[in-house]
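Novice: Spelled out from the first residue to the last, the chains are:
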Amino acid sequence: NAGVTQTPKFRVLKTGQSMTLLCAQDMNHEYMYWYRQDPGMGLRLIHYSVGEGTTAKGEVPDGYNVSRLKKQNFLLGLESAAPSQTSVYFCASSYSLSGTGTQYFGPGTRLLVL
Amino acid sequence: GNSVTQMEGPVTLSEEAFLTINCTYTATGYPSLFWYVQYPGEGLQLLLKATKADDKGSNKGFEATYRKETTSFHLEKGSVQVSDSAVYFCALSTGANSKLTFGKGITLSVRP
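Protein sequence lines, in the order shown, are assigned to chains A and B. Basically the numbering used here = 1-based index in the first sequence + 20. Basically the numbering used here = 1-based index in the second sequence + 2.
Because the hints were derived from the structure by calculation, they are not lab data. One thing to keep in mind: the hints can contain errors.
[Stated by the list, open to error] Derived CB-CB ranges, DEER-like:
| no. | chain 1 | residue 1 | chain 2 | residue 2 | range |
| --- | --- | --- | --- | --- | --- |
| 1 | B | PRO12 | A | LYS29 | 20 to 30 Å |
| 2 | B | GLU17 | A | GLY36 | 44 to 54 Å |
| 3 | B | ALA55 | A | GLY36 | 25 to 35 Å |
| 4 | B | THR22 | A | SER87 | 36 to 46 Å |
| 5 | B | GLU71 | A | SER87 | 43 to 53 Å |
| 6 | A | LEU132 | B | ALA19 | 34 to 44 Å |
| 7 | A | PRO127 | B | SER87 | 30 to 40 Å |
| 8 | B | LYS62 | A | LYS29 | 42 to 52 Å |
| 9 | B | THR53 | A | ARG130 | 28 to 38 Å |
[Said to hold, decoys possible] Below are the DSSO-like pairs computed for lysine-lysine, each with C-alpha atoms no more than 27 Å apart in a straight line:
| no. | chain 1 | residue 1 | chain 2 | residue 2 |
| --- | --- | --- | --- | --- |
| 10 | A | LYS29 | B | LYS106 |
| 11 | B | LYS79 | A | LYS77 |
| 12 | B | LYS54 | B | LYS70 |
Cβ coordinates follow ideal geometry from the N, Cα and C atoms, glycine included.
Model the full assembly from the supplied sequences, consistent with the hints where possible.
Specialist: Below, the structure is given as structure tokens:
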């Protein structure tokens, strides 16, 4: 049982390049989330999904797209990377339908945009 | 909207010292409250939670009590260890979809 895994662990991009971050979970969770973590800002929700084939915007969605084609995978795409997207990205998943549910986090992807 | 306010950091303590990390919140309805911990180089993991007023969450010697009257969920530990050095996030969740609102986090360093 690997929990939540993220690929890659670290990436350097040039401004304007594109990339996809992959999140996978093996806990059969319905809900999945993408966050970014920046110094002094806590974690901010980018996009989330309430089930296979669904996505929704979070707090800071601009410049990102997501897809949830399979229940266990949640992809985060950057079409044209900008230096402001330099951050650590965390994926999480949860089972509960209510606000009491625990979220399980992946180890993070560190992205540097030059 | 929902918000979580944590005390400013960082915090540096000596081993075996008493720890308090303050957390207050603003929320519509009746939120569930959480403390997450992030050890160096890792993702966040749930430390403890409380889902209704006056509930006390506890884990690994840490405790926090859901105080509705003061809208607070302060984290305490009686005797910290070097291994407790990490970033601590207070968070809340209301309603469906289990979306979390996080505080900014506070870095705790415990020296031997």
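Novice: All the hints need checking, so say for each whether the structure fits it.
Specialist: We went through each hint and held it up to the structure:
no.	hint	verdict
1	PRO12(B) to LYS29(A): 20 to 30 Å	holds, 25 Å
2	GLU17(B) to GLY36(A): 44 to 54 Å	holds, 49 Å
3	ALA55(B) to GLY36(A): 25 to 35 Å	violated, 51 Å
4	THR22(B) to SER87(A): 36 to 46 Å	holds, 43 Å
5	GLU71(B) to SER87(A): 43 to 53 Å	holds, 44 Å
6	LEU132(A) to ALA19(B): 34 to 44 Å	holds, 36 Å
7	PRO127(A) to SER87(B): 30 to 40 Å	violated, 18 Å
8	LYS62(B) to LYS29(A): 42 to 52 Å	violated, 27 Å
9	THR53(B) to ARG130(A): 28 to 38 Å	holds, 33 Å
10	LYS29(A) to LYS106(B)	holds, 23 Å
11	LYS79(B) to LYS77(A)	violated, 37 Å
12	LYS54(B) to LYS70(B)	holds, 9 Å
Checked against the numbered hints given earlier, this structure breaks hints 3, 7, 8 and 11; the rest are met.
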